[in-house]
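Colleague: When we follow UniProt numbering, the leftmost residue of the sequence shown carries the number 1, and every step to the right adds one.
There's no promise every hint is true.
Said to hold, decoys possible - Straight-line C-alpha distance at most 20 Å; calculated DMTMM-like pairs for lysine to aspartate or glutamate: (1) 191 <-> 106; (2) 66 <-> 44; (3) 191 <-> 142; (4) 85 <-> 33; (5) 157 <-> 187; (6) 138 <-> 96; (7) 130 <-> 142; (8) 130 <-> 161; (9) 191 <-> 98; (10) 66 <-> 32; (11) 58 <-> 47; (12) 191 <-> 104; (13) 66 <-> 84; (14) 150 <-> 187; (15) 138 <-> 187; (16) 153 <-> 142; (17) 150 <-> 59; (18) 150 <-> 104.
Hints listed in this document are in silico derivations from the structure and should not be mistaken for laboratory results.
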Amino acid sequence: MDNLVFAALNQCRTFNVRYPECTLTTVAYHIDDMSPALLSFAVDLVESNMSELYINSKDGWCREEKEDEMQDITSRYLIAFHNDKPVGMVHFQFVDEETMGDRDAEVAYCFEIQIVPEYQRRGIGAYLIKLLETIGRKTQMEKVMLTVFKANKNAIKFYIDQMQYNYDEISPCVCLTRGRASRFDYEILSKPLQAVINST
Numbered sequence: 001m002d003n004l005v006f007a008a009l010n011q012c013r014t015f016n017v018r019y020p021e022c023t024l025t026t027v028a029y030h031i032d033d034m035s036p037a038l039l040s041f042a043v044d045l046v047e048s049n050m051s052e053l054y055i056n057s058k059d060g061w062c063r064e065e066k067e068d069e070m071q072d073i074t075s076r077y078l079i080a081f082h083n084d085k086p087v088g089m090v091h092f093q094f095v096d097e098e099t100m101g102d103r104d105a106e107v108a109y110c111f112e113i114q115i116v117p118e119y120q121r122r123g124i125g126a127y128l129i130k131l132l133e134t135i136g137r138k139t140q141m142e143k144v145m146l147t148v149f150k151a152n153k154n155a156i157k158f159y160i161d162q163m164q165y166n167y168d169e170i171s172p173c174v175c176l177t178r179g180r181a182s183r184f185d186y187e188i189l190s191k192p193l194q195a196v197i198n199s200t
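I would like the entire structure built from these sequences, with the hints used as guidance.
Modeller: Below, the structure written as structure tokens:
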């Protein structure tokens, strides 16, 4: 599986951004290959960018729990570097996710995508998501999925309007009544990568 990840990455390893102009290099890692410094960068970035949203959610923020999640043995990362400085990251896993049918779907699940604040709004997030989609296609995943807080309006707009994601069939707003869905503080978005597989 990781050979396919690296093959996909080699097709679009560098990315030019503007305002000001610079070139980023992206490297893929399995969690076993992540240095403590890179892992700390990833966790710190999630905390600085997202802890307020987590604190205001039902589950709250716990750094130790986030560290455990991000060190899961199936975790993989895309790290974007400007020169030798990490400036963005995607944390993802290949998982079997439930559907509303009688079969699970093989998906590339994006757990986190975070950009260092001074590098935001320069197209880096869109580039990393597209790179994850390329990896998903190369590894024969059916779709990319992700969870987003309802309160994170900018992220929802980014995924739906710019990246053409939709609410997944198992997202609360799709599969539950309005009253039951309102109890959840998140939605699940997805984007198909392969032709839908017939479950019959």
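Colleague: Measure nothing beyond the straight line between the CA atoms of residue 191 and residue 104; if it is 20 Å or shorter, mark the hint as holding.
Modeller: holds (16 Å)
Colleague: Hey, residue 191 versus residue 106, does the alpha-carbon distance stay inside 20 Å?
Modeller: Satisfied, since the Cα-Cα distance of roughly 12 Å is no more than 20 Å.
Colleague: Is residue 138 close enough to residue 96, meaning Cα to Cα at most 20 Å?
Modeller: holds (17 Å)
Colleague: Take the C-alpha atoms of residue 153 and residue 142, compute the straight-line distance between them, and say whether it is at most 20 Å.
Modeller: violated (26 Å)
Colleague: Can the restraint linking residue 138 and residue 187 be considered satisfied, given a maximum Cα separation of 20 Å?
Modeller: violated (26 Å)
Colleague: Run the distance test for residue 66 versus residue 84: straight-line Cα separation, threshold 20 Å.
Modeller: violated (25 Å)
Colleague: Is residue 66 close enough to residue 32, meaning Cα to Cα at most 20 Å?
Modeller: Holds. Residue 66 to residue 32 sits at ~17 Å (cutoff 20 Å).
Colleague: For residue 130 and residue 161, compute the direct alpha-carbon distance and say whether it is at most 20 Å.
Modeller: With a Cα-Cα distance of about 14 Å, the restraint between residue 130 and residue 161 holds, given a limit of 20 Å.
Colleague: CA of residue 85 to CA of residue 33, is that 20 Å or under?
Modeller: With Cα atoms ~18 Å apart, residue 85 and residue 33 stay inside 20 Å; holds.
Colleague: Is residue 150 close enough to residue 187, meaning Cα to Cα at most 20 Å?
Modeller: holds (6 Å)
Colleague: Regarding the pair residue 130 and residue 142, is the alpha-carbon distance no greater than 20 Å?
Modeller: holds (15 Å)
Colleague: Decide if the proposed pair is consistent with the structure: residue 191 and residue 142, CA atoms, cutoff 20 Å inclusive.
Modeller: holds (9 Å)
Hint compliance for this structure: hints 13, 15, 16, 18 are broken, all remaining hints hold.
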